[in-house]
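Assemble the whole structure, with the sequences as input and the hints as a guide.
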Amino acid sequence: MAATVRAWHPVIDDLRRAVGDANILSDPDELMVYECDGFPVAKGLPIAVVFPTTTQQVSRCLQALSKHDVQVVARGSGTGLAGGCVAFGDGVLIATSRMTTIETIDLDNRLAVVQAGVRNTALSDAVAARCRAAGLAGALHFSPDPSSQRASTVGGNAATNAGGISTLKHGVTSNHILGIEMVLPDGTILQTRADSLYDGIGADLPGLICGSEGTLGIITRLWCRLVPKPAHFRTVYGVFASTADACQTVSDTIASGLMPASMEIMDGAMVRVVEDAFHYGFPTDAQALLLMEVDGVAEVLDAELETLVQLCRKNRASDVKFCSDPKRRAELWSARKKAFGAIGRISRSYCTQDACIPRSLLAQAVVDIGQIGARHGLKITSVFHAGDGNVHPILLFDEEKPAQVQCVLRASTEILEYCISIGGTITGEHGVGVEKLHLMNRLFGDDTIDAFTAIKAAFDPQHRCNEGKLIPSDRVRIELLRPTTLNSPGGAS
Amino acid sequence: MSGENMRDVASAGMCQDVASTEELAGLVRQALAKRRPLVDYGVAHGGLGHAPPALHTRFRLRGATIQHYLADCTVRAATGITMGQLAAALAPHRQFVPIDADDDLTLGECIVHNVYGPLRQGYGMMRDLLLGLRYLDGQGRDIRVGGRTVKNVAGYDVTRLLVGSLGELGIVHEATLRTYAMPEQTLEAHLAVIDLSAMDERITPWLLSDARSQSLSVEWRGRGWRAYLGYFGPIKACATQLRALEEFLGPTRRMLLSDTKTAMAQEHRQETSRRRSWRRQATALVKILIPPATTGAFCAALTAGVRNAPSLRIDALPAFGCVFAGGDLDAGATLQLEARIQQWIGPRGGMRIWHQRPAETVPQLAPVAPTPSDMPMLVRLKRIMDPQGIFNPGRYLPAGDSDSSGATSHAMEVPA
Chain A
1 MAATVRAWHP
11 VIDDLRRAVG
21 DANILSDPDE
31 LMVYECDGFP
41 VAKGLPIAVV
51 FPTTTQQVSR
61 CLQALSKHDV
71 QVVARGSGTG
81 LAGGCVAFGD
91 GVLIATSRMT
101 TIETIDLDNR
111 LAVVQAGVRN
121 TALSDAVAAR
131 CRAAGLAGAL
141 HFSPDPSSQR
151 ASTVGGNAAT
161 NAGGISTLKH
171 GVTSNHILGI
181 EMVLPDGTIL
191 QTRADSLYDG
201 IGADLPGLIC
211 GSEGTLGIIT
221 RLWCRLVPKP
231 AHFRTVYGVF
241 ASTADACQTV
251 SDTIASGLMP
261 ASMEIMDGAM
271 VRVVEDAFHY
281 GFPTDAQALL
291 LMEVDGVAEV
301 LDAELETLVQ
311 LCRKNRASDV
321 KFCSDPKRRA
331 ELWSARKKAF
341 GAIGRISRSY
351 CTQDACIPRS
361 LLAQAVVDIG
371 QIGARHGLKI
381 TSVFHAGDGN
391 VHPILLFDEE
401 KPAQVQCVLR
411 ASTEILEYCI
421 SIGGTITGEH
431 GVGVEKLHLM
441 NRLFGDDTID
451 AFTAIKAAFD
461 PQHRCNEGKL
471 IPSDRVRIEL
481 LRPTTLNSPG
491 GAS
Chain B
494 MSGENMRDVA
504 SAGMCQDVAS
514 TEELAGLVRQ
524 ALAKRRPLVD
534 YGVAHGGLGH
544 APPALHTRFR
554 LRGATIQHYL
564 ADCTVRAATG
574 ITMGQLAAAL
584 APHRQFVPID
594 ADDDLTLGEC
604 IVHNVYGPLR
614 QGYGMMRDLL
624 LGLRYLDGQG
634 RDIRVGGRTV
644 KNVAGYDVTR
654 LLVGSLGELG
664 IVHEATLRTY
674 AMPEQTLEAH
684 LAVIDLSAMD
694 ERITPWLLSD
704 ARSQSLSVEW
714 RGRGWRAYLG
724 YFGPIKACAT
734 QLRALEEFLG
744 PTRRMLLSDT
754 KTAMAQEHRQ
764 ETSRRRSWRR
774 QATALVKILI
784 PPATTGAFCA
794 ALTAGVRNAP
804 SLRIDALPAF
814 GCVFAGGDLD
824 AGATLQLEAR
834 IQQWIGPRGG
844 MRIWHQRPAE
854 TVPQLAPVAP
864 TPSDMPMLVR
874 LKRIMDPQGI
884 FNPGRYLPAG
894 DSDSSGATSH
904 AMEVPA
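Residue numbers (this note's numbering), protein chains in the order written: chain A, 1 to 493; chain B, 494 to 909.
Certain hints may be false.
[Unchecked claim] Using 30 Å as the maximum straight-line C-alpha spacing, the simulated DSS-like pairs for lysine-lysine come out as follows:
hint, chain 1, residue 1, chain 2, residue 2
1, A, 169, B, 729
2, A, 338, A, 229
3, A, 314, B, 729
4, A, 337, A, 401
5, B, 729, A, 321
6, A, 169, A, 314
7, A, 327, B, 729
8, B, 729, A, 229
9, A, 169, B, 754
10, A, 401, A, 169
In short, the hints are calculated from the structure, not lab data.
No experiment lies behind these values; they were computed from the predicted model shown.
So, in structure tokens, the structure goes:
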């Protein structure tokens, strides 16, 4: 795509003064990298991208943007999957990727204070090193583990309330954030529960800010809870003749009261793709593979494992394998985490949906979702967090075929509407961004949308902070890339 | 009964029973029309924050389990349900909501006061268990947030925002929560804690060991410190963890295993409720939040020279830096306790919240100190979620300019 020639904007000089020449990009060619996140359907070139290194710089940037009445969008590593960190309509991106200081690791109080741009695994790696140096017989870690954790930032995890594979037992990001520092759109620095305390008084502002997708302000520092990293595991996988049987095993496990750390399903197509790509030894005739793990006290894990095996067999698993060997375990989870990367082997393009449904309805839901795909002439494959009821139907298509793109958009909407109809929600962990904005009014009533809008106004009365994301806005309306104009960027009106 | 002809309940001693969402909306409309605040401080939190305005309407929400999604391990309930009723409804299905709360507290009271206790160790607290809410806002609108799925990031997480909000941002009338399988057994280990500083040093290593438990609390009843560790699960697991605890304690004799007790979950719940029952009778009760690793040292400082306050009682959650202190204290002992708390948290950080204080001390003891840095934003949220200030006005957040209740006179100072 040819770079857009853009007029110089007076805010750029002020931003340059705020962060220095080395920490700003405004050349359209350089800005191309920042035109989208992991949801490539939504594209928009920012006026500039700034890379502050301190909270004060962020504050100065926001004051400048306020002065010039320019939209601002926060961005961590850009691994989001809903178009939430794309700047539309002459917006400026504030990228926290150079705010990488781990300020405090406090093993006694089990917390870390980090700048927002610290990568998820960088934090846990640093904590593990500190635990080793302290001679502890185990390690603490920052528990949230989104698949993007090697690249994604802690600030981004908080802004999207990221989940991951082990959230079934260990919780999502907001369960692990104690306090937050955020710069409001007018440059004011807000600190909430920004101390070493595990509780506060009054309404839970960190809870509200987590998952707010950058629409309330720019998160600059976080007080993260560190928890013991499980040391003992049993990992089991069952091979099934249908995804529905694998799902029923998940529902039965939840109903049994057992709490595995993870329960992940790959359908047959995905198993074959992963096996072809990485050769983990999975049976290529499987129609579904259920990967589960229990952690905890070593002596009782075998009994829990036995329960899982029995439940797999009860649901007609053709084979059940288990391991406690750390190397094999690492391979199995690596297979799960690499699954998305392997999809390119079977499809030129794909669209990953993210919905959450009651866990007891999984078996029927995967069948119904498959039928929706079939009605639209689309193949759907799946790899998902079954234990959370968090489904990720992956719609395979060719983006060079506009009719297929149209089908994908229609099928996606139909899938999400179906999930709403059975008591589910339109996103379990990816966020709303711009991708699912059109479904917010169907999920929530007008009163709830009004309440959300009012809450945003308390933080952002001028509507300049990632406006047009997460909640529908009259002021900024994002038009996604239309299937018939694939090579044109989206924009705001 | 419609909202329009609803009986006017103005006297502080009377309580309006509300049987439906429609009636509740009517009550809110009436409060807005008459500019008469609605007050609900709960049955166990009446002394928390500033006193309600003289003229107000009290109300009591209906309580019921609306739907128990057994296979999903979630439950939807009208928030007037008491925790005892909720436990009784779930028990036949061998499930429970792991919140340490007295039987007579309603679910709504537990949510807006963020009630938690030793079980937080293994199960988290209300913000970790809540999946969705319905609440009435300050315009009488019925707002639904979250849902019944265990993960949900659609829209702002107002569910978590309202946890601990002291009933100032809206009236929560329905909630959906996670439930957990009732453990096969609870095994409680009682430790005599000889050296509190050992506790501070060893919490992190303990958490990293197999000796970590699903509940942990420490208490002072005037005759030394005692720790209670609850192991919940299969009998074999409990026995294994008890052995791990003995190994962990080792021969140092700074903490000694003095007793063990096995019970069914329901008995354990009653026992822990009995243990904290003193708080409901206390003339003075303060919750102190400090960095967890200082809990032992702080508790030691509170009880140093305890001869001056023989009835002082303390419950602490050392892994979370949460301490409840108080008892049958007169004004002098209460002020001494306050002085000790301030002496400690002043230089080291922390905050304290009085839940109950003798009347004579009220002019001298601000309900919350120090004022948290996020107060200005909380005030802004109050103004947009409850623009006329009808929900528990002035309790913690300043009552606002629309207040007609007199609560403004004791409104807290808002930092610039």
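We went through each hint and held it up to the structure:
| no. | hint | verdict |
| --- | --- | --- |
| 1 | 169(A) - 729(B) | holds (21 Å) |
| 2 | 338(A) - 229(A) | holds (22 Å) |
| 3 | 314(A) - 729(B) | holds (25 Å) |
| 4 | 337(A) - 401(A) | holds (29 Å) |
| 5 | 729(B) - 321(A) | holds (24 Å) |
| 6 | 169(A) - 314(A) | holds (23 Å) |
| 7 | 327(A) - 729(B) | holds (28 Å) |
| 8 | 729(B) - 229(A) | holds (23 Å) |
| 9 | 169(A) - 754(B) | holds (27 Å) |
| 10 | 401(A) - 169(A) | violated (42 Å) |
The structure does not agree with numbered hint 10 stated previously, though it agrees with all others.
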